[in-house]
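**Q** Residue numbers (the numbering used here), protein chains in the order written: chain A, 1 to 316; chain B, 1 to 434.
Simulated from the structure, these hints should not be mistaken for lab results. Honestly, I wouldn't trust all of these hints.
[To be verified] Some chain A residues judged to face chain B by a derived CB distance under 10 Å, without partners named:
| id | residue |
| --- | --- |
| 1 | E18 |
| 2 | R102 |
| 3 | N106 |
| 4 | D144 |
| 5 | G233 |
| 6 | L238 |
| 7 | N276 |
| 8 | G279 |
| 9 | L280 |
| 10 | L282 |
| 11 | F308 |
[To be verified] Which stretches of chain B does chain A cover? Using the computed rule of at least three CB atoms under 8 Å from a CB of chain A, they are:
| id | stretch |
| --- | --- |
| 12 | 34 to 47 |
| 13 | 125 to 139 |
| 14 | 172 to 183 |
| 15 | 201 to 210 |
| 16 | 287 to 300 |
Ideal placement from N, C-alpha and C gives every residue a C-beta, glycine not left out.
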Amino acid sequence: METLYLIFIDPFVQMAIEPAFLAEVLIGGLMSGVMYSLVALGFVLIFKASGIFNFAQGVFVLFAALNFVGLMDLGVHPILAFIITLGIMTALAFAVDRLVLRPLVNQNPIILFMATIGIAFFLEGFGESIWGGDVRPVRVGIPDTALFWETGFGEILVLSSDLFAGVIAAFLVTVLALFFHFTPVGRALRAVADDHQAALSVGIPLNNIWVIVWAVAGFVALVAGIMWGAKLGVQFALSTIALKALPVLILGGFTSIPGAIIGGLIVGAGEKLFENYWGLPLLGGATEEWFAYIVAMIFLFFRPQGLFGEKIIERV
Amino acid sequence: MFTKKLVTAGVAAAIAAGAVGVVQAEEGQFIPALTYRTGPYAPGGIPTANGFTDYFRLVNERDGGVNGVKFIVEECEYGYETDRGVECYDRLKDKHGGATVISPYSTGTTYALIDKATADKIPILSMGYGRTSAADGRVFPYIFNFPATYWSQATAVVQYIANEMGGLEALKGQRFAFIYLDHPYGKEPIPTLDILAERFGFTYDKYPVPFATGTEQKSIWLQIRRTKPAYVIMWGWGVMNATAVKEAANIKFDMSKFIGNWWSASEQDVLPAGDGAIGYKGATFNGSGTDYKIFEDIMGVSGLSDDGDRGTVLYNRGMVNAAYIVEAVRLAQEKYGKGKRVTGEQVRWAFENLDLSAEDIEGLGLTGLMPPTKVTCLNHEGTSPAILIQQWNGKTWEIITDWIPAMTDVVRPLIEQDAAQYAQENNITPRTCS
Numbered sequence: 001m002e003t004l005y006l007i008f009i010d011p012f013v014q015m016a017i018e019p020a021f022l023a024e025v026l027i028g029g030l031m032s033g034v035m036y037s038l039v040a041l042g043f044v045l046i047f048k049a050s051g052i053f054n055f056a057q058g059v060f061v062l063f064a065a066l067n068f069v070g071l072m073d074l075g076v077h078p079i080l081a082f083i084i085t086l087g088i089m090t091a092l093a094f095a096v097d098r099l100v101l102r103p104l105v106n107q108n109p110i111i112l113f114m115a116t117i118g119i120a121f122f123l124e125g126f127g128e129s130i131w132g133g134d135v136r137p138v139r140v141g142i143p144d145t146a147l148f149w150e151t152g153f154g155e156i157l158v159l160s161s162d163l164f165a166g167v168i169a170a171f172l173v174t175v176l177a178l179f180f181h182f183t184p185v186g187r188a189l190r191a192v193a194d195d196h197q198a199a200l201s202v203g204i205p206l207n208n209i210w211v212i213v214w215a216v217a218g219f220v221a222l223v224a225g226i227m228w229g230a231k232l233g234v235q236f237a238l239s240t241i242a243l244k245a246l247p248v249l250i251l252g253g254f255t256s257i258p259g260a261i262i263g264g265l266i267v268g269a270g271e272k273l274f275e276n277y278w279g280l281p282l283l284g285g286a287t288e289e290w291f292a293y294i295v296a297m298i299f300l301f302f303r304p305q306g307l308f309g310e311k312i313i314e315r316v
Numbered sequence: 001m002f003t004k005k006l007v008t009a010g011v012a013a014a015i016a017a018g019a020v021g022v023v024q025a026e027e028g029q030f031i032p033a034l035t036y037r038t039g040p041y042a043p044g045g046i047p048t049a050n051g052f053t054d055y056f057r058l059v060n061e062r063d064g065g066v067n068g069v070k071f072i073v074e075e076c077e078y079g080y081e082t083d084r085g086v087e088c089y090d091r092l093k094d095k096h097g098g099a100t101v102i103s104p105y106s107t108g109t110t111y112a113l114i115d116k117a118t119a120d121k122i123p124i125l126s127m128g129y130g131r132t133s134a135a136d137g138r139v140f141p142y143i144f145n146f147p148a149t150y151w152s153q154a155t156a157v158v159q160y161i162a163n164e165m166g167g168l169e170a171l172k173g174q175r176f177a178f179i180y181l182d183h184p185y186g187k188e189p190i191p192t193l194d195i196l197a198e199r200f201g202f203t204y205d206k207y208p209v210p211f212a213t214g215t216e217q218k219s220i221w222l223q224i225r226r227t228k229p230a231y232v233i234m235w236g237w238g239v240m241n242a243t244a245v246k247e248a249a250n251i252k253f254d255m256s257k258f259i260g261n262w263w264s265a266s267e268q269d270v271l272p273a274g275d276g277a278i279g280y281k282g283a284t285f286n287g288s289g290t291d292y293k294i295f296e297d298i299m300g301v302s303g304l305s306d307d308g309d310r311g312t313v314l315y316n317r318g319m320v321n322a323a324y325i326v327e328a329v330r331l332a333q334e335k336y337g338k339g340k341r342v343t344g345e346q347v348r349w350a351f352e353n354l355d356l357s358a359e360d361i362e363g364l365g366l367t368g369l370m371p372p373t374k375v376t377c378l379n380h381e382g383t384s385p386a387i388l389i390q391q392w393n394g395k396t397w398e399i400i401t402d403w404i405p406a407m408t409d410v411v412r413p414l415i416e417q418d419a420a421q422y423a424q425e426n427n428i429t430p431r432t433c434s
C-alpha cells in the first residue's frame with residue numbers, strides 16, 4: 001500500500017507542496033532536452049537526405065568540440081578556431097563520402113549503418129590520440145552564471161548557459177528551416193530525401209548532396225559540441241551523452257526536424273521529473289541513464305514512426 | 001608537442017585500442033602497468049599512469065634499478081573497464097619472467113583479480129582503493145591496500161566534519177549527502193557510513209551517479225539545493241568529479257562544505273569549474289606540487305611523460321605507488337639475494353614487512369609526498385591509517401589539517417567480519433599471523 005502511495009500519490013503531493021522545485025526540475029529538464037535536440041538534429045539531417053542512420057553523429061559532436069577547444073588551447077582565436085573546425089568537419093564529410101559511402105553504394109542499409117559504427121570508433125580514438133583525454137573547459141564567453149528568479153511561490157534557479165543553449169537551438173532550427181525551404185541546395189536536399197531516383201532524374205548530383213548534408217551535420221555537431229563543452233567541459237563522455245539522441249529520434253521521428261526538438265524536450269523533462277519524483281525516492285536514483293530508452297521502447301509499441309515521422313508503407 | 005602528438009596519433013590509430021607500449025626492453029624486474037589513458041576516466045588515469053611509469057624510469061636511470069636490477073614497465077590500456085582490466089592482467093602476468101606486482105587503479109578490477117592473483121602468487125597493491133576487507137592479511141595474503149582503506153577514509157572524513165562542527169556530539173541530527181559513482185568503488189564506503197550514521201545519530205542521502213558518463217548529475221544537485229545538507233561527501237572518479245564541482249558551484253553550494261575523497265580531489269577535478277571551485281576540499285595522503293627533492297632528481301631523466309601534469313596530486317600519487325613497489329623490491333632483495341630478480345611471492349613477503357619511517361622517506365627524497373607506513377601480515381592497510389584534508393585555493397591544493405586518524409575501533413572489526421564471511425563463502429582457511 002505504501003509503495004502504491006509513493007508511486008501514485010506522493011510525487012504529485014510533492015509537486016503541489018513545492019511548485020518552485022517542480023519548476024526548477026522542469027526547466028532544468030527542458031534545457032537538457034534542448035541539448036539532446038541539438039545532437040538529434042545532426043542524425044535527422046543525414047537520415048533525411050541519405051537514409052543512413054549515422055551512428056557516428058555523437059562522436060562527431062566530440063570530435064568537433066575536441067578540435068575547436070584544442071585549437072583554442074593552442075592560442076587560436078575562437079572565431080578562427082570555429083572556421084578551421086568547420087573546415088575539418090567538411091573535410092571529414094568529403095572523406096566519409098569518398099572512403100566509406102561511395103564504395104558501399106547500393107549496399108544494404110545495415111552495411112552502411114555498420115560502416116558508421118566503424119567511423120565512430122575510429123574518430124573517437126583518433127581525436128583522443130591527438131588531443132588527449134583530459135577535460136577541457138570551453139571559454140568562449142557563453143554566460144555561465146546561476147540566475148535566481150524570485151516568484152510568488154519560491155526562488156527558482158535557472159542557469160544562463162541553459163538559456164543561451166535554448167536560444168542557440170531555436171536559432172539553429174530557424175536557420176536550417178530557412179536553408180531547407182528557401183535555398184536551391186536546401187530544395188535539392190529535400191528532393192533527395194523524398195526520392196533518390198527522381199532527384200537523380202532531374203539532374204541533382206547525389207554525391208555532392210551527400211557531402212553537403214554530412215558537412216551541415218558536422219556544423220550542427222560543432223555547435224552542439226561547443227554548447228555541451230561550455231556546460232560540462234569537452235570530454236570523452238560527450239559521445240556517450242550524445243547517444244541520448246537515439247530515444248529522442250524514436251520519439252520525434254527520424255525524418256522530422258521539429259520532431260527532434262519536441263522529442264528532446266520530452267526526453268529531457270521526462271527523465272528529470274522521473275528521477276526526482278520516482279527514481280531517487282523509490283529506486284535509489286541513477287535512472288536518467290535508462291529512463292529515455294524505456295520511454296522510447298514503449299513508444300515503439302504504439303507509434304513506431306515517432307510523433308512527426310513519416311509512416312513508411314511498403315507494398316508487396 | 002602538438003606535431004609530435006599528431007605523428008603519434010597515426011601510430012596509435014594503427015595500433016588501435018588496447019595498445020601496449022613497451023617502456024624498456026631489457027630483462028629485469030617486470031611491472032605490468034594497467035592504465036587508462038582513454039575514455040571518461042582518462043582525466044584521472046593519465047596523471048597516475050605518468051607518475052607511476054616516470055618513477056620507474058627515474059630509478060632505472062639514476063640508480064641503475066635496485067642493486068643493478070632494472071625495472072621493465074609495460075603498459076596495457078584498459079579504459080577503466082573491469083573486463084578489459086582482467087584481460088590485461090592475463091596478457092601480461094607471465095611476460096618478462098613474470099609480473100612482480102599489479103596496481104590496477106580500479107576497485108572493480110581489483111575485486112575481479114583477487115582470486116586470480118592469489119592463485120598466481122602475484123601481489124596486488126591497490127593503494128588506497130580496492131576491497132577494504134583485504135586489509136585482513138590472514139584471508140587475503142596477496143592483496144594490499146595501504147596506506148589506508150576506503151572505510152578508514154570515510155571515518156576520518158566524518159571525524160573531520162565533526163571537528164569542524166564542534167565534536168562528534170554535534171553530528172547528531174545532522175543531514176549529509178553522499179554522492180558516489182555507481183560502481184563497486186563508489187559503493188565501497190556505504191556500509192561504514194551506515195554504521196557511523198547509526199552510531200553518531202546523523203542521516204545521509206545517497207546519490208549514485210551513472211557509471212557510463214559520470215555527468216548525469218542535474219537532478220542530484222537540484223535535490224541537494226532542495227534538502228540543504230550540512231556537508232556533501234563525494235566518492236567520484238574521472239569526469240564525474242569535475243561535473244560535480246561545477247554543478248555545486250552553479251547552485252552556489254558552500255564549497256567549504258563539499259569534501260571529496262582522495263580520488264575526487266585533484267587539479268583535473270577543479271580546473272574546469274574555474275573560480276567556482278575555490279574552497280572545495282578533499283582528502284589526500286600525498287602532497288602535491290613539485291617542491292620536493294625527488295623532483296630535482298627527476299629533472300633531466302630521459303623519456304619522461306610530457307602531458308604537463310608533473311606535480312599534480314594524481315601524478316605524485318602515481319609516483320608514491322611506484323615508490324612503495326621499489327622499496328618492497330629492495331626489501332625482498334635484502335632477504336632473498338641482492339642484485340637478483342625477485343618473484344611476486346617474495347615481494348608479497350616484503351610488503352608484509354614494509355616499515356618506511358620518516359627517515360627512510362627523507363632518504364628517498366619523498367618527505368611530504370608519502371606517509372610513514374608500516375604493514376604487517378595481519379594488517380595490509382598499514383598500522384596507522386590517517387588522512388589529510390586539502391583545500392583548493394584557485395591555483396593549488398593547500399593542506400589545511402594535520403593527519404586525521406581513522407576510527408580503527410570502528411573499521412577493524414568490520415574488516416575482520418567481512419573477511420571472515422569471505423573466507424567462509426570461498427572455503428578459505430585463514431592463515432595465522434604470528
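**Q** With reference to the structure, classify each hint as holding or not holding.
**A** Status of the hints after comparison with the structure:
Hint on A:E18 holds. Least Cβ distance to chain B is approximately 7 Å, under the 10 Å limit. Evaluation of the A:R102 hint against chain B yields a violated restraint, the C-beta minimum of about 22 Å exceeding 10 Å. Taking 10 Å as the C-beta contact cut-off toward chain B, the hint placing A:N106 at the interface is violated, the least distance being around 29 Å. For A:D144, the interface hint holds, since its Cβ comes within 10 Å of a Cβ in chain B; the closest pair sits about 8 Å apart.
Checking A:G233 against chain B by beta carbon gives a least distance of about 4 Å; that is within 10 Å, so the hint holds. Checking A:L238 against chain B by beta carbon gives a least distance of about 9 Å; that is within 10 Å, so the hint holds. Among the interface hints, the one on A:N276 holds; its C-beta lies about 5 Å from the nearest C-beta in chain B, closer than the 10 Å criterion. With a cut of 10 Å, the hint placing A:G279 at the interface with chain B holds, because the nearest CB-to-CB distance is about 8 Å.
With 10 Å as the threshold, the beta carbon of A:L280 comes within range of chain B, its nearest partner Cβ sitting at about 6 Å, so the hint holds. For A:L282, the interface hint is violated, since its Cβ never comes within 10 Å of a Cβ in chain B; the closest pair sits about 13 Å apart. Annotation: A:F308 was flagged as interfacial toward chain B, and the flag is violated, the nearest CB pair being 26 Å apart, outside 10 Å. For a cut-off of 8 Å, the count of residues in the stretch 34 to 47 of chain B with a CB near a CB of chain A stands at 8, and the three-residue condition holds.
Here the stretch 125 to 139 of chain B counts 0 residues with a CB under 8 Å from a CB of chain A, which misses the bar of 3, and the coverage is violated. Note: the stretch 172 to 183 of chain B has 1 residues with beta-carbon separation from chain A under 8 Å; the three-residue rule is not met and the coverage is violated. Given a C-beta distance limit of less than 8 Å, the hint that chain A covers the stretch 201 to 210 of chain B holds, as 5 residues qualify and 3 suffice. A stretch counts as covered by a chain when three or more of its residues have a beta carbon under 8 Å from one of that chain; for the stretch 287 to 300 of chain B and chain A the count is 0, and the coverage is violated.
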